[in-house]
Amino acid sequence: MEAINKHEGKVYPLNRTNVDTDQIIPKQFLKRIERSGFGQFLFFHWRFDDEGMKRADFSLNQPEYDGASILLAGENFGCGSSREHAPWALLDYGFRVIIAPSFADIFYNNALKNGILPIALEEEQVQQWMEQAEQKHFTLAVHLENQEITAPDGSVVSFDIPAHQKDKLLHGLDDIALTLTYQDQIEAYERRMQG
Amino acid sequence: MGKPETLFSKVWKKHVVHGEEGKPNLLYIDLHLVHEVTSPQAFEGLRMNNRKVRRPDRTFATVDHNVPTRNRDVIKDKIAKKQMETLKANCAENDIPLADMHHPDQGIVHVIGPELGLTQPGKTIVCGDSHTSTHGAFGALAFGIGTSEVEHVLATQTLWQDCPKTMNVKVEGELGAGVTAKDLILAIIGKFGVRFGTGYVLEYTGEAIRKLSMEERMTVCNMSIEAGARAGMISPDETTISYLKGRRHVPVGADFDELAQEWLALATDEGAVFDATVTIDAATVEPQVTWGTNPSMCVPVNSTTPALADTSYPEDVQRALDYMGLEESQAITSIEIDHVFIGSCTNSRLGDLRKAAAIVRGKQVNPGVRAIVVPGSFLVKMKAEEEGLDQIFTQAGFEWRDAGCSMCLAMNDDVVPAGGRCASTSNRNFEGRQGNGARTHLVSPEMAAAAAIAGHFVDVRTYAGNVLQEG
Numbered sequence: 095m096e097a098i099n100k101h102e103g104k105v106y107p108l109n110r111t112n113v114d115t116d117q118i119i120p121k122q123f124l125k126r127i128e129r130s131g132f133g134q135f136l137f138f139h140w141r142f143d144d145e146g147m148k149r150a151d152f153s154l155n156q157p158e159y160d161g162a163s164i165l166l167a168g169e170n171f172g173c174g175s176s177r178e179h180a181p182w183a184l185l186d187y188g189f190r191v192i193i194a195p196s197f198a199d200i201f202y203n204n205a206l207k208n209g210i211l212p213i214a215l216e217e218e219q220v221q222q223w224m225e226q227a228e229q230k231h232f233t234l235a236v237h238l239e240n241q242e243i244t245a246p247d248g249s250v251v252s253f254d255i256p257a258h259q260k261d262k263l264l265h266g267l268d269d270i271a272l273t274l275t276y277q278d279q280i281e282a283y284e285r286r287m288q289g
Numbered sequence: 005m006g007k008p009e010t011l012f013s014k015v016w017k018k019h020v021v022h023g024e025e026g027k028p029n030l031l032y033i034d035l036h037l038v039h040e041v042t043s044p045q046a047f048e049g050l051r052m053n054n055r056k057v058r059r060p061d062r063t064f065a066t067v068d069h070n071v072p073t074r075n076r077d078v079i080k081d082k083i084a085k086k087q088m089e090t091l092k093a094n095c096a097e098n099d100i101p102l103a104d105m106h107h108p109d110q111g112i113v114h115v116i117g118p119e120l121g122l123t124q125p126g127k128t129i130v131c132g133d134s135h136t137s138t139h140g141a142f143g144a145l146a147f148g149i150g151t152s153e154v155e156h157v158l159a160t161q162t163l164w165q166d167c168p169k170t171m172n173v174k175v176e177g178e179l180g181a182g183v184t185a186k187d188l189i190l191a192i193i194g195k196f197g198v199r200f201g202t203g204y205v206l207e208y209t210g211e212a213i214r215k216l217s218m219e220e221r222m223t224v225c226n227m228s229i230e231a232g233a234r235a236g237m238i239s240p241d242e243t244t245i246s247y248l249k250g251r252r253h254v255p256v257g258a259d260f261d262e263l264a265q266e267w268l269a270l271a272t273d274e275g276a277v278f279d280a281t282v283t284i285d286a287a288t289v290e291p292q293v294t295w296g297t298n299p300s301m302c303v304p305v306n307s308t309t310p311a312l313a314d315t316s317y318p319e320d321v322q323r324a325l326d327y328m329g330l331e332e333s334q335a336i337t338s339i340e341i342d343h344v345f346i347g348s349c350t351n352s353r354l355g356d357l358r359k360a361a362a363i364v365r366g367k368q369v370n371p372g373v374r375a376i377v378v379p380g381s382f383l384v385k386m387k388a389e390e391e392g393l394d395q396i397f398t399q400a401g402f403e404w405r406d407a408g409c410s411m412c413l414a415m416n417d418d419v420v421p422a423g424g425r426c427a428s429t430s431n432r433n434f435e436g437r438q439g440n441g442a443r444t445h446l447v448s449p450e451m452a453a454a455a456a457i458a459g460h461f462v463d464v465r466t467y468a469g470n471v472l473q474e475g
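Chains as they are written, first to last, in the working numbering: chain A, 95 to 289; chain R, 5 to 475.
Wrong hints could be hidden among the right ones.
[Stated by the list, open to error] Restraint ranges, calculated between C-beta atoms of paired labels, are given here:
| id | chain 1 | residue 1 | chain 2 | residue 2 | range |
| --- | --- | --- | --- | --- | --- |
| 1 | R | Gly-441 | A | Glu-218 | 48 to 58 Å |
| 2 | A | Arg-149 | R | Lys-215 | 28 to 38 Å |
| 3 | A | Arg-149 | R | Ala-269 | 14 to 24 Å |
| 4 | R | Gly-177 | A | Gln-222 | 41 to 51 Å |
| 5 | A | Arg-141 | R | Lys-56 | 12 to 22 Å |
| 6 | A | Asn-99 | R | Glu-178 | 36 to 46 Å |
[Unchecked claim] List time: in silico DSSO-like cross-link candidates among lysine-lysine, alpha-carbon distance up to 30 Å:
| id | chain 1 | residue 1 | chain 2 | residue 2 |
| --- | --- | --- | --- | --- |
| 7 | R | Lys-80 | R | Lys-18 |
| 8 | A | Lys-262 | R | Lys-82 |
| 9 | A | Lys-262 | R | Lys-169 |
| 10 | R | Lys-56 | A | Lys-148 |
| 11 | A | Lys-148 | R | Lys-82 |
| 12 | A | Lys-260 | R | Lys-169 |
| 13 | R | Lys-17 | R | Lys-174 |
| 14 | A | Lys-100 | R | Lys-18 |
| 15 | R | Lys-195 | R | Lys-18 |
| 16 | R | Lys-7 | R | Lys-169 |
| 17 | R | Lys-195 | A | Lys-260 |
| 18 | R | Lys-27 | A | Lys-262 |
| 19 | R | Lys-18 | A | Lys-262 |
| 20 | A | Lys-262 | R | Lys-7 |
| 21 | R | Lys-169 | R | Lys-195 |
| 22 | R | Lys-17 | A | Lys-260 |
| 23 | A | Lys-260 | R | Lys-18 |
| 24 | A | Lys-260 | R | Lys-56 |
Source of the hints: derived by calculation from the structure; they are not laboratory data. We put the CB at the ideal spot given by N, CA and C, even for glycine.
Okay, chain A solo, but in the shape it has when bound (with noise of 0.2 Å):
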């Protein structure tokens, strides 16, 4: 995964709670085998309706938006079935920060093994970017190593991260390379649960 530590961008306000994966990225785009290209049906029936063409209702469409790398959103972002495919559209479609006042757990973790950077706020601050990013461009600055995050007034916000999750997203790191060097514990276990 492509490691993050700053990064600034538009943000796209989701005014909406519990969005759940099925919204993210609806059931019948999931039969693919590949990780890539789901991009291209982030928020399917949100963005688009029966006839395939955009939704004028649904602000995601609305060009001020194009662009956007930071997703605001209601509380318990991410509700719902396992599907890493959430996390792959929102990657693809270009969001490489989620602030929500709360995750879903299994959607927290699967963003973060796609290189995307889930902050939890207030929910009182996510409100207040909330309604200036729905009336104007708005953009944040995240700095992951100092866990802060600049707005353009200056103030600045710190959010919570756990350290490993953090160390792992600033340098991109590869699971599985790391747990392999626990193989001998692994098999000791093993041996054990036998015996």
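Fit chain R to the given chain A structure using the hints.
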């Protein structure tokens, strides 16, 4: 005696391969269940890195999400077909046992695991599917994972996990007649919301839980993920032991007796401390119907959709009502349905089918309704047919299908059309879940069966001509 411990804590500790204070633990995985949708990219990842499946003997695969539930010899969906063929090739390449589409063990992964005795108390069980929480009904620690973690388990038979918190979900008292495990779990999620379990492993305790059959316990644990929980568990007891005895992958004779004692010892100790506790009185639970677009949006069948003025999230409620084509304060029994789906990893086991069949016996599906029954596995189907349940359903006008996930998520061609309204025994009523624009109402098998006959929701406890049957 040491310090009293929870079931979760005992299972967790037993599986720590490597652990440091304040860091995630490397947890050994006893059983990895695999299906066609969330595995192809994981196998591809292994190949790209020249890695092998570490323990094919601890891995078991089936096809369930995509499979047609009729006319299996002709799969029209070429992409789905390729996905299933990919799983077959991946299993062959890595010596992983596979219950393929025509195999007598095929079925929904969360139905066949327990049925074959692969699911056992005290095991750690993972699968690239969020409803893996189902297996917690046996006192296993079972949870859903994404495809990267599927690849990780295939390569290492382990996972890095932060130790979750524990929550005791105490269900006091007894469920009333005609009130089911499905109503209980919906009522719990209705009361505490879709994220009360986030960061926690739930253990369901109390008199009402002890009285549930294993199948009913699976229904409860299955929907733990709908409360946001990492997993749901129930302490093993005699019900657990007698369910497992004689199943294919369970030892026999003295070995079984010894194992059974180990399993019973896993139960949460008297006085063990949970990080949190919530309580619900089973006697207050009534048959539930969801009216909205997440599982917490549910009410008793004899009530109404919410009044906007009474809710703290009027925008969310309005949005859900609009999607569902309902009004505020609308009587649930006034909602007419045109589809009925009895199936899914929540409610497709033999007991579910028996209870639904008892409702429809000798009656006819309402002319405006298309109703299907999709058994959870080939084995469930076969046993149901031995009892003549298929005849009861088909004579009433239901379609009787082959096993799979089917209309729960509509990845195959069992789809509810846009604007269609379905009484469904599945677990998610998200927008578009059963088809783009489709409207889903989650209910118990009994409630779904009664709705199929009436053409609208009815209280199954008082439904005309219905004789409540036990078991």
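Here is what the structure says about each hint:
1. R/Gly-441 x A/Glu-218: 48 to 58 Å: 35 Å, violated
2. A/Arg-149 x R/Lys-215: 28 to 38 Å: 49 Å, violated
3. A/Arg-149 x R/Ala-269: 14 to 24 Å: Taking Cβ atoms as reference, A/Arg-149 and R/Ala-269 lie about 57 Å apart, which means the hint is violated.
4. R/Gly-177 x A/Gln-222: 41 to 51 Å: With Cβ atoms ~45 Å apart, the hint holds.
5. A/Arg-141 x R/Lys-56: 12 to 22 Å: 41 Å, violated
6. A/Asn-99 x R/Glu-178: 36 to 46 Å: 57 Å, violated
7. R/Lys-80 x R/Lys-18: The hint is violated at about 46 Å.
8. A/Lys-262 x R/Lys-82: 38 Å, violated
9. A/Lys-262 x R/Lys-169: This hinted pair holds, its Cα atoms lying about 24 Å apart.
10. R/Lys-56 x A/Lys-148: It is violated: about 44 Å lies between the C-alpha atoms, which goes past 30 Å.
11. A/Lys-148 x R/Lys-82: Holds. A/Lys-148 to R/Lys-82 sits at ~27 Å (cutoff 30 Å).
12. A/Lys-260 x R/Lys-169: 22 Å, holds
13. R/Lys-17 x R/Lys-174: 24 Å, holds
14. A/Lys-100 x R/Lys-18: 40 Å, violated
15. R/Lys-195 x R/Lys-18: Distance ~34 Å between R/Lys-195 and R/Lys-18 Cα, so the pair is violated.
16. R/Lys-7 x R/Lys-169: 18 Å, holds
17. R/Lys-195 x A/Lys-260: 36 Å, violated
18. R/Lys-27 x A/Lys-262: 13 Å, holds
19. R/Lys-18 x A/Lys-262: 27 Å, holds
20. A/Lys-262 x R/Lys-7: Given pair A/Lys-262, R/Lys-7 is violated - Cα atoms ~36 Å apart, limit 30 Å.
21. R/Lys-169 x R/Lys-195: The given pair, whose Cα atoms are some 20 Å apart, holds under the 30 Å limit.
22. R/Lys-17 x A/Lys-260: Holds - the C-alpha atoms of A/Lys-260 and R/Lys-17 are around 26 Å apart, at most 30 Å.
23. A/Lys-260 x R/Lys-18: 28 Å, holds
24. A/Lys-260 x R/Lys-56: Status holds; Cα separation ~28 Å.
The structure is inconsistent with the numbered hints 1, 2, 3, 5, 6, 7, 8, 10, 14, 15, 17, 20, although it conforms to all the rest.
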